[in-house]
Amino acid sequence: FIAGLATFLFRKYANVKILRSHNEVTGFLFLAIASFYAFLLSFIVFMVWGQLNETRGNVSKEGSSAMGLYRDIKFYPDTVESKQLMIVYLDFIYNVIDEEFPNMKQLKPSRKTPESFDRVFYKMEHLNPKNQFQIQLVAEMFNHLNQLATYRGLRETSLEKEIPSPLWWPMLLGAIITIFCSMLLDIEHTRMHVSLNGLLGIFIGMIFFIILLLDHPFSGSLSIKPQSYKQIFTMEKWDSEHQAKKSIETK
Numbered sequence: 001f002i003a004g005l006a007t008f009l010f011r012k013y014a015n016v017k018i019l020r021s022h023n024e025v026t027g028f029l030f031l032a033i034a035s036f037y038a039f040l041l042s043f044i045v046f047m048v049w050g051q052l053n054e055t056r057g058n059v060s061k062e063g064s065s066a067m068g069l070y071r072d073i074k075f076y077p078d079t080v081e082s083k084q085l086m087i088v089y090l091d092f093i094y095n096v097i098d099e100e101f102p103n104m105k106q107l108k109p110s111r112k113t114p115e116s117f118d119r120v121f122y123k124m125e126h127l128n129p130k131n132q133f134q135i136q137l138v139a140e141m142f143n144h145l146n147q148l149a150t151y152r153g154l155r156e157t158s159l160e161k162e163i164p165s166p167l168w169w170p171m172l173l174g175a176i177i178t179i180f181c182s183m184l185l186d187i188e189h190t191r192m193h194v195s196l197n198g199l200l201g202i203f204i205g206m207i208f209f210i211i212l213l214l215d216h217p218f219s220g221s222l223s224i225k226p227q228s229y230k231q232i233f234t235m236e237k238w239d240s241e242h243q244a245k246k247s248i249e250t251k
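Once you know that position 91 of the sequence shown is 91 in my numbering, the rest is easy, because the numbers rise by one and skip nothing.
In case anyone wonders, no lab produced these hints; they're calculated from the structure.
None of these values were measured; they are calculated from a predicted model.
Don't take every hint at face value.
[Unchecked claim] So the derived label-pair ranges between C-beta atoms look like this:
id: 1; residue 1: K105; residue 2: I202; range: 25 to 31 Å
id: 2; residue 1: S240; residue 2: T79; range: 15 to 21 Å
id: 3; residue 1: G27; residue 2: Q106; range: 44 to 50 Å
id: 4; residue 1: L31; residue 2: K108; range: 42 to 48 Å
id: 5; residue 1: H189; residue 2: K108; range: 21 to 27 Å
id: 6; residue 1: S221; residue 2: Q134; range: 19 to 25 Å
id: 7; residue 1: T190; residue 2: S219; range: 39 to 45 Å
[As the list claims (entries may be wrong)] Below, simulated DSS-like cross-link-like pairs (lysine-lysine); rule was C-alpha separation at most 30 Å, straight line:
id: 8; residue 1: K112; residue 2: K237
id: 9; residue 1: K83; residue 2: K112
id: 10; residue 1: K230; residue 2: K74
id: 11; residue 1: K130; residue 2: K225
id: 12; residue 1: K112; residue 2: K161
id: 13; residue 1: K74; residue 2: K61
Cβ atoms here follow ideal geometry from the backbone N, Cα and C, with glycine treated the same way.
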């Protein structure tokens with residue numbers, strides 16, 4: 001809309017005869033600038049798309065590690081320490097869903113989740129395995145816990161991979177120069193010229209919108225959700241319902 005309005009005002013007050021005499025040079029200049037600008041935008045889109053895919057992959061691996069650790073704790077021999085560990089671990093899962101991901105959506109740090117994650121490490125260190133089999137189970141649990149910590153750290157650092165502010169200036173300046181050069185073209189019908197430049201402005205705006213969406217992987221309609229963490233709560237609910245049903249049948 002802004003590009004179309006600017007074109008209309010420019011056509012109204014500009015000297016059309018002067019524009020017509022330089023139309024070939026203006027057309028060549030517009031083609032060169034538009035090509036370079038299109039290359040810049042495509043480079044930015046591919047860059048943020050790659051970062052989004054990398055972040056999705058890390059979150060998926062984080063979820064797999066969280067699921068594996070949940071099963072390890074669930075099928076560990078029933079002891080007081082293992083029950084306490086499960087309570088602490090589910091508290092961590094709840095904080096990831098309820099606090100950490102919503103805060104990442106708003107680009108805010110989390111406080112409860114790191115503290116609850118530290119408690120998981122503390123409780124696991126105090127499991128006191130009784131035999132070689134339990135020692136192997138604890139080793140496997142620590143392996144999943146360390147993997148979870150690694151991928152969780154990668155997810156947190158992904159917030160720092162936004163497009164640098166200096167890179168936005170060439171994008172905005174390139175949009176202005178491209179639209180201005182298109183305004184210099186001498187097209188006989190004013191309505192056609194206004195419509196074409198308006199469509200050009202809309203297209204550039206669409207590309208900017210896509211870049212903004214891809215540059216913020218934890219917000220917007222394309223945001224990454226903690227599906228694996230939610231699945232753990234679903235599995236825990238199913239197990240509780242199964243145990244309750246089994247207890248009733250036993251009675």
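Would you pick out the hints that fail for this structure and give their numbers low to high?
-> 5, 6 and 11
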